[in-house]
Amino acid sequence: MLKQIEGSRGVAEAVALSRPEVICAYPISPQTHIVEALSTLVKSGELAPCEFVNVESEFAAMSVAIGASAAGARAYTATASQGLLYMAEPLYNASGLGLPIVMTVANRAIGAPINIWNDHSDSMSQRDSGWIQLYAETNQEALDLHIQAFRIAEELSLPVMVCMDGFVLTHAVERVDVPEQGQVDAFLPPYEPRQVLDPEDPISIGAMVGPDAFTEVRYLAHDKQMQALDLIPAVAADFRAAFGRDSGGLVRPYRCEDAETVVVALGSVLGTIKDTVDELRDEGMSIGVLGLTSFRPFPLDAVRTALGGAQRVVVLERALAVGIGGIVAANVRMALSGISLHGYTVIAGLGGRAITKASLRRLFHEAAADKLEPLTFLDLDRDLVERELQRTRTTRRSGPAAENLLRDLGTRVG
Amino acid sequence: MPEASKHGTLPFAITLDPGSSLANKTGSWRTEVPAYVDRLPPCNDACPAGENIQQWLHHAEESGYEAAWRQIMADNPFPAVMGRICYRPCETACNRAILDEPVGINSVERFLGDEAIKQGWAVSVDAPASGKHVLVVGAGPSGLSAAYHLRLLGHEVTVRDSCPEAGGMMRYGIPAYRLPRDVVDAEIQRIADLGVRFELNTTVADLRAELDAFDAVFLAVGAHVGRRADIPAGDSARILDAVSVLAQVEQGDQPLLGRRVAVYGGGNTAMDVARTARRLGATDAVVVYRRTRDRMPAHDIEVTEALEEGVRMRWLSTITYADAGRITIEKMKLDETGFPVPTGEFEDLEADSVVLALGQLSDLALVEGLDDVTITDHVVQVGAHLMTGHPGLFAGGDMVPSERTATVAIGHGKKAARNIDAWLRGTTDQRPPRHDLATYERLNTWYYSDAPATVRPRLDLARRVSTFDEVVGGLDASTALFEARRCMSCGNCLECDNCFSVCPDNAIIKLGGGKYEIDLDFCKGCGLCAAECPSGVIEMCPERL
Amino acid sequence: MERVRFYQIGSYAAGNRLLDGELQTVQSDTHRTNSLNSGHRACQGCGEALGARYALDAVMRATGNQMVAVNATGCLEVFSTPYPETAWQVPWLHSLFGNAPAVATGVAAALKAKGRTDVRVVGQGGDGGTVDIGLACLSGMFERNDDVLYICYDNGGYMNTGVQRSGATPHGAATTTTPAVGPQPGNDFGKGKNLPAIAMAHRIPYVATATVADLRDLEYKATRAMKFHGARYLHVLVPCPLGWRTASNETVKIARLATETGIFPVFEAEDGEVVAVSKIRRRLPVADYLQPQGRFAHLFGATPREDVIAKIQAEADRNVRVFGLTDPEVPVHGVVS
Ligand SMILES: Cc1cc2nc3c(=O)[nH]c(=O)nc-3n(C[C@H](O)[C@H](O)[C@H](O)COP(=O)(O)OP(=O)(O)OC[C@H]3O[C@@H](n4cnc5c(N)ncnc54)[C@H](O)[C@@H]3O)c2cc1C
Ligand SMILES: Cc1ncc(C[n+]2csc(CCOP(=O)(O)OP(=O)(O)O)c2C)c(N)n1
Ligand code: SF4
Ligand code: SF4
Ligand code: SF4
Ligand SMILES: [Mg+2]
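Protein chains in written order, with the numbering used here: chain A, 63 to 476; chain B, 18 to 562; chain C, 5 to 341.
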């Protein structure tokens, strides 16, 4: 059914259609609207049977989900930013135990300085937590990915994180197609756990494993993600067959065939990039886009196939690996090992900084001319940082950089 | 790596099947290993009759009174008698005395003895007839005990006694207010019912002939001759001896004691005769003793009861002269060794009679013709097996060197019977070595419920001084049960399941029926079971490699 | 009549052949479930292993084995489930050190959603996992009144990591992070963290304390806890021979001394109010409890620390007063310094 609703609402409805049995959450912007909607659905009895647990922290949220999942329930939670970090420990635990929890990450920057706006620093920081990470480009895809996520998670016994850009997607009101319950039920069978806490058949879950088997356990976790490389496209294909639209999969190439320059990115920024690429194509530039839907597992082969013919690759990412630069870029490079081409890392849109078509146009032109720095910070206010650097060089007690910059900006603007 | 789990698809290593820890045999950690041992309870150790007290209390704890009684009867045919007159060395030894008060073993024993009489419980001879015939001389507790045990062992037994009735001092010495005669009669009758032949009013004089006629002879003639003292006395002084007085009373004669009676001596016999005198109408019965109360050989309870009944005590006094109606006493004092020495201070007391209670000697005329029988200090010498120097002639009770109590006499009777039996079969009686003593330190007394001892009811005083009714009452079924359950079961498992429970490694197997076993596969040797065993039954021993 | 009910060892020992079957403990039953099986790797004489089996066996009996256990990281977890062997006979889940109460909540929520409220959930952990790192989750579980019995096995320190101080380490005790050196050796005197009181402040239906020295009481409380729905808390004192530096055979004795000195009050509370206390049978001075333990050895050295002992005595006296642990006439056996 077509609905004109907020992205969060769409996700909440998709989650509800997936019949979770336990939902637990702790509020953090920009995730709040999702769990608010779900709590209402549970409280009103529309979503039943389902327990909504108002926990006291994200650490507890993930822990409740672990318990629920181990007891055989379909479990869901959502978080963002600080909250994701606060649940880092149980995050690893959930994947280590092979519990198919589904979680929405409404992507948001990590402080300090505290910032509620969108970037990918949060989910990128947990890229090696053992979770599958899928990134939504649109609200429709966010909605669809959740339904797929439960199926992927439960088939593999691995937790899945559906990442959607905070505010940009979560708070955007758009028209989405919300499936019917019957369709979802047909697509997503009831959860059949691989292991369950059952008094009739007791097992011990969560043993301590020493050097004798730890590597093997880890290898098996990796192997599961490798299996996901096949499963994710298969589920996306099933989804297309059932619901009649393309959502999910590993990668989404756009006008890449024969492109000399390929831009790689994840999430909602792909829309702006595609628009820009369309314009540049019209202007004659040989440029394409590769959208990554699955970041974990990282689709090395698919990326290599998509980029192998290009002359240059521009990885545009909304997170910064402080001290080296790109996170996605490093992974892309891994896919291109042995292939010689120009590679550029562009850090863009941190903490909610808008990524405009104008900036992208400029950026892609520089790239096409190979005039780009290997590591570029899109729209960085050079003057501003130079002044601060100057201050720190001259004064020991130069004060907090963030506040200095703001003050500096104020004087300039005001 | 382990074989595939029964669940097949369980995640590798992180998820495990129950029961798998049994593969880890933690027994290999052990340096010490617990072992169930039996220790000798101090009561059993102290009982001269060799009763397995802890064991019969164990039965009584479960209201198994008949089983309890039978357990006593295995060693002692006189529970009802002993439950009244025994001096209770068991209770003196009882570990519970350290905790609060000793278990009232004796009162439970009496309850069981009385219950047996009431219920008519009997014993039977199960052993095949041996064809041997044993003569027992003397129907006191020692002779009767021997007769009983010999009969149970399958021998023919004849008991001869000079007196008209059997019982020895149980009948002719110990006053009826302490030991009612129907009780004595009932327990002797039970022995007679086993087929023991009694020949009463028969004094054995010619032992040689009897030794020829019988396959073996047990002598238990007791000590009945009152020891005299050289007291200067006027012609009309009335000086009697305690055992004769008591025997006379038993035979229905009224000994001429007068209204004021002085009893000389500080033993139990002195108390018995003084209390008897009160019951016979003496207005003043005074015990003259040369030392102090705490040095009196009489048991404290006897002294207390005598005092309650109006008997007066003259401690630190000796009688130096007796005459009609009066005696002279000299005050004594104790020297540094506790020995009484005269002070030269004299005093006169009014006394119509003086009863000497200075101990008894045995009349050993019947052995005088036997050269191979040794008499030293007025008693017959016997070996470890209670045999005299004459083959086949055994002796026990008051006539051999020993503590002179009925309980010891009964113990001698049992021991003699076993040795006679062995001798008749041409073997020697072999007993397993005694277990180590279950001392208080070996117990964990925390576990015993707090429980003060049950006090036996006593006759009111008015009736005590005017009649020979029994002074001390018995327990009823519920108080007897309570008292039995005060037993701490020292050195013997009481099936508390503590060991089974406190083992952190579930390394104790409860087999049921009071049996437990250590699972050596898993016992780490922590020692908790041993530490928390209330009755001290578990011992930690070094692990042998 | 009172006397006829006297049973030799009464209810002090685990079993008693003189008691009727239904009055027998779970632990004395030949068919007890041994929730924690043999072959686990706890130290010799471990109180935690003992306490856990006592408690969970009782819960198993109370629920007809319809239970699930969630365990925090710590000795109990490490010694029971080192791959490839588990000692647990119950469905059991270990997630993390600080999240057992929340995981338990999750299990309970799942069971509720599935309509399996007959299956009951027990969360359990050491004192560190409970009073320190797990406190937030525990408090959340209490506050929501989730249907979980949480059992804390208090051995007064982070034993699994090598005997470091926890929020439940007693005052004056030496641990590897509060060593017996300096002018105030051992653990500092703060005000302590009284978790049973904190639990009671949540007004949850049931809070109780127990020790491994009184099995019957512990079983009673574990059983009683299962009669309630909602959040319940059981705090069990479990001496640790390794950390307390006591002989392996003294575990039960030391727990007993903890109660008999008033160091560890044993009580029950419902809806935030104390409803029953276990009276001290023979009150003893705290020194009797402290002296056998190596972790307090520095209090009894060449210059005995009477001042510190007196402070600890004052804490015990306070417990005795506040909880009414003695009947007025119960004297102290020995000298209370
Ligand atoms: C007044 C008094 C009170 C006592 N109170 C207690 C007490 O409370 N508790 C306790 O444990 N002990 C008590 N005793 C001691 C106890 O009675 C004796 O130690 C015990 O009776 C000794 O037993 P026996 O079988 O050796 O001898 P006795 O009981 O003396 O029996 C010996 C028997 O042998 C018979 N006899 C002797 N010579 C011959 C012969 N030639 N031919 C045939 N028969 C013969 C005698 O007639 C007598 O019946 C008391 C003793 C006395 C005197
Ligand atoms: C988050 C985290 N911090 C620290 C640890 C290390 N750690 C594991 S067990 C433990 C101590 C456990 O103490 P406690 O809960 O009292 O249980 P005990 O071992 O004493 O039974 C610690 C500190 C951990 N596993 N996880
Ligand atoms: S309690 Fe268990 S492990 Fe310890 S010594 Fe006894 S049987 Fe062995
Ligand atoms: S602990 Fe109890 S059951 Fe075990 S041996 Fe001792 S008395 Fe018997
Ligand atoms: S360290 Fe302490 S708690 Fe841990 S296993 Fe050993 S005794 Fe038990
Ligand atoms: Mg601890």
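If you are wondering where the hints come from, they were derived from the structure by calculation, not from laboratory data.
Owing to the predicted nature of the structure, the values given are computational and were not obtained by experimental measurement.
It cannot be assumed that every hint is accurate.
Claimed, not checked - Derived lysine-lysine pairs resembling BS3-like cross-links, with alpha carbons at most 30 Å apart: (1) B/Lys532 / B/Lys42; (2) C/Lys283 / C/Lys315; (3) B/Lys527 / C/Lys257; (4) C/Lys197 / A/Lys105; (5) B/Lys42 / C/Lys231; (6) A/Lys65 / A/Lys433; (7) C/Lys257 / C/Lys315; (8) C/Lys257 / C/Lys197; (9) A/Lys419 / A/Lys336; (10) B/Lys42 / B/Lys527; (11) C/Lys118 / C/Lys195; (12) C/Lys231 / C/Lys197; (13) C/Lys315 / C/Lys231; (14) A/Lys336 / A/Lys433; (15) C/Lys315 / A/Lys105; (16) A/Lys286 / C/Lys257; (17) C/Lys257 / B/Lys532.
Claimed, not checked - Label-pair restraints from in silico Cβ distances: (18) A/Asp300 / C/Asp122: 36 to 46 Å; (19) B/Leu537 / A/Glu262: 42 to 52 Å; (20) B/Leu537 / C/Ala205: 42 to 52 Å; (21) A/Ala110 / C/Ala205: 58 to 68 Å; (22) B/Val472 / C/Asp122: 24 to 34 Å; (23) A/Glu262 / B/Gly530: 28 to 38 Å; (24) A/Arg453 / C/Ala301: 54 to 64 Å; (25) A/Phe276 / C/His175: 52 to 62 Å; (26) B/Leu528 / A/Asp190: 52 to 62 Å; (27) C/His175 / B/Leu537: 33 to 43 Å; (28) B/Asp536 / A/Glu262: 21 to 31 Å; (29) C/Asp122 / B/Gly529: 41 to 51 Å; (30) B/Asp536 / A/Ala248: 36 to 46 Å; (31) C/Asp192 / A/Pro436: 48 to 58 Å.
Claimed, not checked - In silico contact screen, one side only, chain A against chain C (beta carbon under 7 Å); selected entries: (32) Ala130; (33) Leu147; (34) Ala150; (35) Glu151; (36) Asn155; (37) Ile172; (38) Ala174; (39) Pro175; (40) Asp260.
We treat Cβ as the ideally placed atom computed from N, Cα and C, and that holds for glycine.
- Message: Assuming the hint says 28 to 38 Å, is it satisfied by the Cβ distance from A/Glu262 to B/Gly530 or not?
- Response: Cβ of A/Glu262 to Cβ of B/Gly530: about 34 Å, so the range 28 to 38 Å holds.
- 30 Å Cα cutoff - pair A/Lys419, A/Lys336: holds, 10 Å
- Message: Checking one constraint from the list: CA of C/Lys231 to CA of C/Lys197, max 30 Å. Satisfied?
- Response: holds, 28 Å
- Item | A/Ile172 as chain C interface residue, shortest Cβ-Cβ below 7 Å | violated, 21 Å
- Task: Given the hint that C/Lys257 pairs with C/Lys315, test it: the Cα-Cα distance must not exceed 30 Å.
- Result: holds, 23 Å
- Task: Could you see if the CB distance from B/Asp536 to A/Ala248 stays within 36 to 46 Å?
- Result: violated, 56 Å
- Could you tell me whether the CB distance from C/Asp192 to A/Pro436 stays inside 48 to 58 Å? About 55 Å separates the Cβ atoms of C/Asp192 and A/Pro436, which means 48 to 58 Å holds.
- With 42 to 52 Å as the target window, see if B/Leu537 and A/Glu262 comply at their CB atoms. For A/Glu262 against B/Leu537, whose Cβ atoms are near 33 Å apart, the range 42 to 52 Å is violated.
- Item | Restraint satisfaction for A/Pro175 [CB to CB of chain C, less than 7 Å] | violated, 26 Å
- Message: Hint check: B/Lys527 vs C/Lys257, CA-CA at most 30 Å. Holds or violated?
- Response: holds, 23 Å
- Does the hinted range 52 to 62 Å hold for A/Phe276 and C/His175 at CB? violated, 40 Å
- Going straight from one Cα to the other, do A/Lys65 and A/Lys433 come out at no more than 30 Å? violated, 45 Å
The structure does not agree with the numbered hints 4, 5, 6, 11, 13, 15, 16, 19, 21, 22, 25, 29, 30, 33, 34, 37, 38 and 39 stated previously, though it agrees with the rest.
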